[in-house]
Amino acid sequence: MAIVFYDEKGKVGLIHKKPEKLSKERRSRGIEVLDIPQPQQQEGKKAVLYYDKVNGLYYKYVDIPKTKEELLEEKVSQLENYILSSEGVI
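Using our numbering, read the sequence shown as starting at 28 and increasing by one per residue.
Hints listed in this document are in silico derivations from the structure and should not be mistaken for laboratory results. Among the hints, erroneous ones may be present.
[To be verified] Pairs of lysine-lysine, DSS-like flavour, derived with a Cα cap of 30 Å:
| id | residue 1 | residue 2 |
| --- | --- | --- |
| 1 | Lys72 | Lys38 |
| 2 | Lys44 | Lys72 |
| 3 | Lys93 | Lys51 |
| 4 | Lys87 | Lys45 |
Put together the whole structure using the sequences plus the hints.
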């Protein structure tokens, strides 16, 4: 069992796996759950855990911002393709 603490939008900010160590007051600010679902792995996405009274715990998947290196690699690839197409190779 664990206690999950979340913000006003339902985004989980803390999962406490030893709720017996918390005061009753602190425990009352979260919800008790038996288990935490495992996120699905999606390329280029990050799983963010949410809670609401209807759906319980669930994940929203948000885009992971590309690194400078990834953006640079894309630009180089685009430029290479442009050069090859302008030379009639592609």
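Please flag the earlier hints that this structure goes against, numbers listed from lowest up.
-> The structure breaks only hint 3.
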